[in-house]
Amino acid sequence: MRTIGKELNKPRAVVSTIASDAHTWNLVFLQLLLEEYGFTVRNLGACVPVEELVAGCLKERPQLLVLSTVNGHGLIEAPGYIRQVRERAELRSLAVVIGGKLNVEGTVADDDIQMLLRLGFDGVFATADSVREFQRFLTHLGRAAAG
Amino acid sequence: MIGLGFFGGRVAGSGEMVVQSRMGFSDPVRMLEGLRSVRDAGVEAVGTITLDSFTRTGDLRRAREELLHGTPLNGFPLIAHGAAMTRELIAEFDQSIFPIQLRHGSARPYAIFQEMLAAGITATEGGPISYCLPYSREPLYAVVAEWARSCELLAAYEGPGGPVHLETFGGCMLGQLCPPGLLVALNILEALFFLQHGVRSISLSYAQQTNQQQDIEAIRALRRLADERIGEAAWHVTIYTYMGVYPKSRKGALSLLGQSARLAALTGSERLIVKTVAEAFRIPTIGENVEALKWAAAAARDTALGGAHDDGHDIYQEARTLIDAVLEQHSSVGTALVSAFRRGLLDVPYCLHPDNPNQARAIIDPVGRLQWASTGGMPIAAYSPARTARISSAGLLSMLDYNRRRFDSHDHGSPRNDSDPDHVYKEGNNHDDDRAAAAG
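Chains A and B, in that order, give the protein sequences. Going by this note's numbering, the first residue of the first sequence is number 1, and it counts up by one from there. Going by this note's numbering, the first residue of the second sequence is number 1, and it counts up by one from there.
What the hints contain is simulated information worked out from the structure, not anything from laboratory work. Incorrect hints may have been included.
In silico DMTMM-like pairs for lysine to aspartate or glutamate, Cα to Cα no more than 20 Å straight-line [unchecked claim]: (1) B/Lys-248 / A/Asp-129; (2) B/Lys-248 / B/Asp-408; (3) B/Lys-248 / A/Glu-60; (4) B/Lys-294 / B/Glu-66; (5) B/Lys-248 / B/Asp-302; (6) A/Lys-10 / A/Glu-51.
Modelling step: build the complete structure from the supplied sequences, incorporating the hints.
Dropping the structure here:
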């Protein structure tokens, strides 16, 4: 991996959820997983308002933002989050992914996934196999950064 | 004689264990239908209105907006619907027979409690620690202050159904992987906080964990400490069916539920909050909730009260040490709690809240008991210093999935008679009794 200065020795990731979501086991797990993939992780914890998320990203300048939510309100809140992240020029090329249980129904329609991708997410992981898919994404991201 | 109110009185007056679901729908018609179905389920049940997470986090604008759009929310938006509408909605329920508990999950519940009382509901739950650290990012000192005035609001209520009943959620921290000594301590500390702010009709809570024998010991320790420390209150104990990663199979889900019902019955616990077969996938339907209530009631009915030979002495000692260390901090329980977390005397494992030290770590030992891998700055001992190695993501996942794996497996380690709610628990003959698990 190319590095500029000592602080960039390790890639940085921000782990977050949405404002209405109080679940954190998903965030604890993702932190450990990302650390195993070599990231330094800033974990923002439960119920993160979009302003705090944007401020956190501007401060940390991560290579990856992982939004994880399991309370069923993901499809309602995530569009506002990605819009506000992409509004900032500094964060326009940041890799941003979302995963979890995104609605209260149990399965997420393909149209909804396409909508999230159109709004600027680089990955949507909302199936039973989402952890493995996310790991493949991380491997790919690592290779792209190294190349 | 301490007044019990509708909710506390209903639970105390029932000859058998009272069962309860977590039901909450944003559509009032569906909410009403759900409450009716529980009332008419033919079991000793109380009603529940669970709030949506926009309301619980104080985003009332969003709750109103989504309600107007007809988006299904994950609970009942009490404030958006308003007290007048809610009061009308539940008018058909005689709450002296079928009281309703409002479950809100809010770190800042004052406005919710005002609306709740105006709607004619006099039972609720939470606590300054249990609804702050796991579920919010609000500073602990501010949440403690808000809960103090919120308790005082509840205590001042003198209308029908009073005194207001308040359940501490301290026995459910993060749902899983919190050793029972800390769960018991937080229960008693929150109950003492409620008492100090005038609330006298109280319930304590305990969430089923990963070893039935350890859970029995924990609940015995909890009851013993409640007898010793909160004698001024009228109290009962409510058990929560496992709150962590839930089995996917119908058989596994019902088996874990049945085991929690037996746990509650064996320990003389007065109330049980159930989980359903849909738990692993989505918010359950009304029908799935009613099925769970019936299943649990049947399992509890056929379980005799256990003997007092497992007094849970170790858990009792650990909890007592923590409680006393906290109370030494200050005569105000709220101030003492804030100070204890700042000094590391309390530390909830894996809890990301900025005011939690997050140095303590828990693990599941080979027989399924929760143990301290590290106790951070708490004045209690860790299980084994050799086990303080970093927990990997796979290791964490494996612990989080412990009960799912165990109850979804159909060969060894799976409970006997697991499709049969009439199965009677026998000591030493249960799948997660220490000996049996060690042998398996």
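Consistency of the hints with the structure:
A hinted pair counts as satisfied when its Cα atoms are at most 20 Å apart, and B/Lys-248 with A/Asp-129 qualifies at roughly 15 Å. Between the alpha carbons of B/Lys-248 and B/Asp-408 the distance comes to roughly 7 Å, so the proposed pair stays at or under 20 Å and holds. Proximity of B/Lys-248 to A/Glu-60 is assessed by CA-CA distance (about 38 Å); at most 20 Å being required, the pair is judged violated. In summary, the hint linking B/Lys-294 to B/Glu-66 is not supported, as the alpha carbons are separated by about 34 Å, beyond the 20 Å threshold.
In summary, the hint linking B/Lys-248 to B/Asp-302 is not supported, as the alpha carbons are separated by about 26 Å, beyond the 20 Å threshold. Between A/Lys-10 and A/Glu-51, the direct Cα distance comes to roughly 26 Å. Violation of the 20 Å bound is thereby established for this hinted pair.
When the structure is compared with the earlier hints, violations turn up for hints 3, 4, 5, 6 and for no others.
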